[in-house]
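Enquirer: Each chain, written out:
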Amino acid sequence: MPGFLRKLGWLTTRSRREAELREALEFHLEEEIEKGKTAGLTEAQARAAARRELGNPGLIAEDTRSAWSWPLLTLVETIFGDVRYGARMLARNTKVTVLTVLALALGIGVNASVFTAYKALWLMPLDARDPHEMVNIALTRDSGPTNSFSYPDYEAYRDSLDSFSGLIASRAMNARLSSAGGPPDLEASLVGSGLGRLGLISPRISGEERARIEIVTENYFEVLGVAPVRGRSFESLSRAELQAQPSVLISENYWQRRFGGDPEIIGKTIRLNNVAVTVIGVTPHDFRGADFGAPPFWAPISIDPLFNRDDQWLNQRENQRYRLHGRLAHGVSMAQAQAEMNPIANQLRALHDPESISAEPASALVLPGSPLLPQPNNGMEVVIALIMFAAALVLAVACANVGSLQLARARSRQHELSTRLSLGASRLRVVRQLLTESVLVGLLAGVSALFLTWAFLQELSAQFAGVFPLWTGSPAFDVTPDFEIVGYVVAVSLFAGILAGLTPAMESSRSALAAIVRSNASSRRSRRLQDVLVAAQVSLSLILLIVAGMLIRTSFNEIKMPTGYDTLNVISLDFRFAEPSDYDADAKLAVAQELRTRLAALPGVSAMSSARPPGERRFLTAAMPIGEAAAVGNPVQSILAYTRVQENYFETIGVPLVLGRTFQQQGNSAVILSESAATELWPNQNPIGRSLRLGPTDEQHHRRSELVAEGPALQVVGVVRDKRGMALDGGGSREIYLALAGDQVSSRPILIRTQAEPKQVIDILGPVLTSIDPTISATANTLEERLRASPLFGVSMLFGAFASAIGTCALLLALMGIYGTVSYIVVLRTREIGIRRAIGAQRGDVIGLILRESTRPILIGLILGMPLSAGGVFLATRLLFGLSFVDIVSTAAVTVLFLSIALLASYFPARRAMGIDPLVALRHEG
Amino acid sequence: MKPSPPSRVDLLQGTLDLLVLRTLLFGPAHGHAIAKHIQAVSEELLQIETGSLYPALHRLEAQGWIDATWEKSEKGKRAKYYRLTSPGRKHLVAERMKWETFARAMGLVLKPTGEEA
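Protein sequences, first through last, are from chains A and B.
The opening position of the first sequence corresponds to residue 0 in numbering that gives the first Met the number 0, with each subsequent residue numbered one higher.
The opening position of the second sequence corresponds to residue 0 in numbering that gives the first Met the number 0, with each subsequent residue numbered one higher.
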């Protein structure tokens, strides 16, 4: 294409060509002058006429340039020019620029963080090559989705499905680690650290070291497409070889942290659950496969029977412990895979125990690969949407903030704008210039936000990973911005830049136009617009602050809410036999009795009772009153939570008895109710001595339909105070207590009430256990620590933390915006203040006027924000459980804060303006 | 524009190129000469704006219809002389045909034979 090449040639020798054009025009001019002189004009007249005839040389040059260029290139060039000019303008006003970039970066950063966290947690992919090909395999039944499969079922799917190029199964398990050498992993150090202090992990006080193992099918690494960084993986060994010499892989993380990067690790033999295994390879740093984090060890599924001392482990169809993931074959969609899977799922159903849930009709579910369990409609979507909405609101506040600041600045740039307009720039051109500047600010803020967010989340996830004990593995969250995150941030930044800049640009170009014709009418308009923007900021941040304040208070209340039992002075001691099959029931009981006797003798122990600690997963049963009362009342069965306890349980954990008595040693048909259960069963009656029947109490989970009160008649002997339930809504206080049989003591944790500091008692529990049986592994923590580890507490903390972060951002932005804008406006009114003073206004009058006008938009914003926040609070209470309603105190505090900031922001510049001689003030540019 | 007798005519969009090419058919010329030539030949009815002439010359050069060389003018100054290239010649022929067809069509519509009577 010669045309193309010619143009390209012109572009490369552009400056020479432009000089040539100038020369040609010069020549033209001289010819013209010559002609004028021939026509009888003087030199000066001829020159002037020639110049007039020539017109604007700059414009000619520009038109010529566009003749040589492509239209798109011309556009790019003008944009480039705008950007260069904008950058110069921004650099000139460093302070304002930094402030606006900071404000927008804060708003964009909040959104980027939320989006990154959403991607890293909710949309966490499998850690694999081409992760988009990886899928989760699950079944969905009436009772909900499940992704637990047995090994025989896995084999059936693996061998009969063509939709997958590879199918893997895995499960995580905690094992005892021994013969590992080196200093053992001391979990005690954990107790002092962040989450450890919160009690999320029960520290080990006795028994062997623990390590989490990910048990995987032999093709796991091949299907995921990941090779070990050292040694080899299971694919290189046959099943027989693996069983003859059990092998494991170690994660790089654990190898470094537990074994100090021991170069001799390959070939080392350790014991896991007392099975000797050889380390044959090291998996890459942070490689997490199909899980959330890198486990210490990976073991082939062929040795799972050894870990469990059960030859038939892999042959039992009801042993459904494995999660399935697959790699879709090339060109196969998830829907196709699902369709192919359905008939197999149906065939397998028939092979399961017809009584079990696995025999119920189920349909296959193939979902995008993720370590998360597929749980549709569990309300998380609403929470995520709410969080994203809150983040978007913060951005809106930031935009209004920057918008009002830009507007104020554009007003001070009126001279420049009107000059440009009178030089012939179209209004569109000026708007484009101003918009370019805001977009520039937006992008600048976006880039800063991107890096700040990355650094912040990196630190956060490192902190998070650091608080987990070594043996549970290292959670690995990938917060590195990828293409999607960068794209998202750029889009948000552009949007924010345009949003923040559009109105001010339109408005100031309009008023600049007006300024040319020396009319001041539109300055009032633009000031009103500014007031609107300030009011918008105030009302939006008010909504955020009030809702955030409510969330914070609610989570605080949640945490502080009395539990109904003593949490501080009760220790729960959980102990497990290393190899339960090595002990018969009598041996177990003997150990438990010995332990109890030894504990009772410890100093500082005042009471002791064997029972599951409160707050642990409870079983539900049905209850139905019988006898004469049943005929009177409505014989509807209630669903109660039941716990088997010893007679001194209530005394040990500090739950007061309200009516009647506790169990007698042998009273097996006696039950004790919680107050709310008693009220439900026998409203307004004394329940003592009344009888009821219960549904199944075998400590198994049953379907609701199986909960039928058909058990033997039981007699209520006592009523105790309610404990606060562990359901997220704080409900579930209806409980029934059954007597614990003496021989069941060995299967329960021991609750110990202490007189001394519980920490001291926990410290001496370890040696006691070791002296009885060193292989018993035990954990101990206070009920307070257990409470903090509960999901309710965690959710509350998380909400509280998020609300605090959002609230802080909103508050910061609002204060920054109000102060910046209000003080700027007042400075711009210096001239006006001078006029007022010159024509005799009193100092007090002027200051009063300025303060009144400055606080007006704040007041309007507050008045508008109030009903909106009430709406927001209402919406939040509908979507989230257990929120307490708006509190007047924080609303009032926010109001006062906003108003005083506005007063401060206007007072100082106003006072300065008053101090200036009116004559000087009059000359002030504004 | 005042409705006075046509002392000047505004150029129709796109006709300047045709005029320039036609002028160069006589031989190489510099910008000023081209403008003067068109004005003179059109009996001063067509006034060539310098602001449109030079971009147009560059546009034609970019298209490859004319070529430019720096030569000494009659007065000994360096001036940029344009000459028609052979693609330019072809283009001129084509454009001229188009224009004539257009002019004839306009004429037919504006002065239908029936009206002449």
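Derived from the structure by calculation, the hints contain no laboratory data.
Beta carbons are placed, not taken as given, at the ideal position from N, Cα and C, and that holds for glycine.
Heads up, some of the hints might be wrong.
[Claimed, not checked] With a cut-off of at most 30 Å between alpha-carbon atoms, the simulated BS3-like pairs for lysine-lysine come out as follows:
| # | chain 1 | residue 1 | chain 2 | residue 2 |
| --- | --- | --- | --- | --- |
| 1 | B | K110 | A | K34 |
| 2 | B | K74 | A | K36 |
| 3 | B | K89 | B | K35 |
| 4 | B | K97 | B | K71 |
| 5 | B | K97 | A | K6 |
| 6 | B | K76 | A | K36 |
| 7 | B | K35 | A | K34 |
| 8 | A | K36 | B | K97 |
| 9 | B | K35 | B | K97 |
| 10 | B | K97 | B | K76 |
| 11 | A | K6 | B | K71 |
| 12 | B | K110 | A | K6 |
[As the list claims (entries may be wrong)] Covered stretches of chain B, as calculated for chain A (at least 3 residues, CB under 8 Å):
| # | stretch |
| --- | --- |
| 13 | 19 to 26 |
| 14 | 57 to 64 |
| 15 | 75 to 82 |
| 16 | 95 to 107 |
Enquirer: The structure should be examined with respect to each hint, and the outcome stated for every one.
Expert: Right, here's what the structure says about each hint:
Proposed proximity of K110 (chain B) and K34 (chain A) is contradicted: the alpha carbons are some 40 Å apart, above 30 Å. As the CA atoms of K74 (chain B) and K36 (chain A) are separated by approximately 15 Å, the hinted pair is consistent with the 30 Å bound. Using a Cα cut-off of 30 Å, the hinted pair K89 (chain B) and K35 (chain B) holds, with the two alpha carbons roughly 24 Å apart. Restraint check for K97 (chain B) and K71 (chain B): not satisfied, since their Cα atoms lie roughly 36 Å apart, outside the 30 Å limit.
Between K97 (chain B) and K6 (chain A) the CA atoms are separated by roughly 27 Å; this keeps the pair inside 30 Å, and the hint holds. Taking the CA atoms of K76 (chain B) and K36 (chain A), the gap is about 18 Å. The hint holds against a cut of 30 Å. Proposed proximity of K35 (chain B) and K34 (chain A) is supported: the alpha carbons are some 10 Å apart, at most 30 Å. At most 30 Å may separate the alpha-carbon atoms for a hinted pair to count; K36 (chain A) and K97 (chain B) exceed this at roughly 40 Å.
For a cut-off of 30 Å, the pair hint linking K35 (chain B) to K97 (chain B) stands: about 25 Å separates their Cα positions. This hinted pair does not check out: K97 (chain B) and K76 (chain B) have alpha carbons roughly 38 Å apart, beyond 30 Å. Between K6 (chain A) and K71 (chain B) the CA atoms are separated by roughly 26 Å; this keeps the pair inside 30 Å, and the hint holds. Between K110 (chain B) and K6 (chain A) the alpha-carbon distance is near 44 Å, which puts this suggested pair outside the 30 Å criterion.
Check result for the stretch 19 to 26 of chain B against chain A: violated, 0 residues qualifying (beta carbon to beta carbon below 8 Å, three or more required). Only residues whose C-beta sits within less than 8 Å of a C-beta in chain A count toward coverage, and the stretch 57 to 64 of chain B has 6 of them, enough to reach three; the restraint holds. For the stretch 75 to 82 of chain B, the stated coverage by chain A is satisfied: 4 residues place a CB nearer than 8 Å to a CB of that chain, which reaches the threshold of 3. A count of 0 residues in the stretch 95 to 107 of chain B with a Cβ less than 8 Å from any Cβ of chain A is obtained; the coverage claim is therefore unmet, three being the minimum.
The structure shown violates the earlier hints numbered 1, 4, 8, 10, 12, 13 and 16.
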